[in-house]
Amino acid sequence: MPSQAHSEPRISALHGGQAPAGTAVEEIGTQMVAPCEAVVGCGPTKEHLVVVELGKFEGKKFKNSNLKDGQAKMEGEHAQLQPFFEKEGLTPSRQKTLTTERYPVMLWWSPLTGDTRRLGQCGADTCFFTINRTYLHHHMTRAVLFYGTDFNIDSLPLPRKARHDWALFHEESPKNNYKLFHKPIITLFNYTATFSRHSHLPLTTQYLEGVEVLKSRRYLVPLQSKNHLRTRLAPLVYVQSDCDPPSDRDSYVRELMAYIEVDSYGECLRNRDLPEQLADPASMDADGFYRILAQYKFILAFENAVCDDYITEKFWRPLKLGVVPVYHGSPSIADWLPSSRSAILVSAFSHPRELAGYIRQLDRDDGRYAAYIEWKLRGEISNRRLLAALAERTWGVHDLSQHNHIDAFECMVCTKVWDNIRLQEKKP
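Be aware that the sequence shown starts at 465, since it is given in the numbering used here, and climbs by one per residue.
Some hints here could point you the wrong way.
To be verified - Within a straight-line C-alpha distance of at most 20 Å, the following computed PhoX-like cross-link-like pairs (lysine-lysine) qualify:
| hint | residue 1 | residue 2 |
| --- | --- | --- |
| 1 | K890 | K880 |
| 2 | K880 | K625 |
| 3 | K880 | K891 |
Claimed, not checked - Across the chosen pairs, the derived CB separations fall in these ranges:
| hint | residue 1 | residue 2 | range |
| --- | --- | --- | --- |
| 4 | L809 | G587 | 37 to 45 Å |
| 5 | Q688 | H815 | 29 to 37 Å |
| 6 | S689 | S715 | 27 to 35 Å |
If you are wondering where the hints come from, they were derived from the structure by calculation, not from laboratory data.
Backbone N, C-alpha and C define an ideal beta-carbon position, used for all residues, glycine too.
Whenever a hint applies, use it, and build me the whole structure from the sequences.
Dropping the structure here:
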């Protein structure tokens, strides 16, 4: 089995809410910005405000290139901010006590969204979202939002204000920013949205569109046809472009190749070439690429890090295609299988030679192989945890008709802030 890199620790849970706003926080580093002067005219003008519903970010992939665009917008903002205008549309009971209140400010410490001033509507609640750091000192700022990819321990908004909640959005594995997965750091945040089921907003199923794509037989190749294709294809296929991850998956696959034939199309251990039109890694969601993979009986689905609940498209893709995943990654993967027999877990085998022998047995025995795709043929998902997680999530994947997980994160924090405001109202 591949060994874990010491600098990328395996984690079993990410817990937020362990650092209530106002508690003492160790000063890890400081970077101060020019304060917003305590004068009338410190806030955005009404004509620049836009109320938006959820779904604003759907279809965008927020990576570092987008962060630069947001940073440029942030640096172009005026230091003097205009006043907030009154909140409207409150229920009568709240209108009576909040007629002089303003919108709570949610400050993105990362330029992730690129929004310098925006009102977000979250059910009955409204919050003002911005990437303009001069709002850090505004009296209505109630939360600071961090994006894990560009989280920098040396540029935190310290000293932390008593009224500020901190919230983390991080969809990546420890490989992306390992500091976030150490307890002294993760417990800085009141609210989290990560791949862990223990987050306030779990993103465990962030790579799975829904139940129907698992049940779909669109790409399913009949077993008889797969047997015929075995005359020119290996039983196993491997496609990876990142060849040096913490999970050290290539070392395991390289040894596995000594015991069973593996077709490898990616940059790592490549021994076969994709058609020219599919050579770009961006084509890995293309219909043609899916149809090539669907011809195989087994797909090696190895994650880049070994963390509970960190599950990517590497696992869901073969299940969607009607191929049996040979999986190495999340130790908690059994909690997320569509059925008890739908994947082969590398962790169940003591050596690559033993795993290769088992796959050869299934390759020769149609009945035993078919048991792994029976759930697909029947269109039955028996895992109640998986079904509940998909039914309960408030965001969608690649679906413009639904909100996405960034929107859901913003609204979770907005709602938490308003809950705290309402709680304060009830105090004598």
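Quick rundown of the hints versus the structure:
1. In summary, the hint linking K890 to K880 is supported, as the alpha carbons are separated by about 16 Å, within the 20 Å threshold.
2. Our distance criterion of 20 Å between C-alpha atoms is met by K880 and K625, whose separation comes to about 17 Å.
3. Taking the CA atoms of K880 and K891, the gap is about 17 Å. The hint holds against a cut of 20 Å.
4. For L809 paired with G587, a C-beta distance near 40 Å keeps the hint of 37 to 45 Å intact.
5. Take Q688 and H815: their Cβ atoms lie about 32 Å apart, and the range 29 to 37 Å holds.
6. Checked against the hint of 27 to 35 Å, the pair S689 and S715 passes, with Cβ atoms roughly 33 Å apart.
Figure legend: structure checked against the earlier numbered hints; every hint is met.
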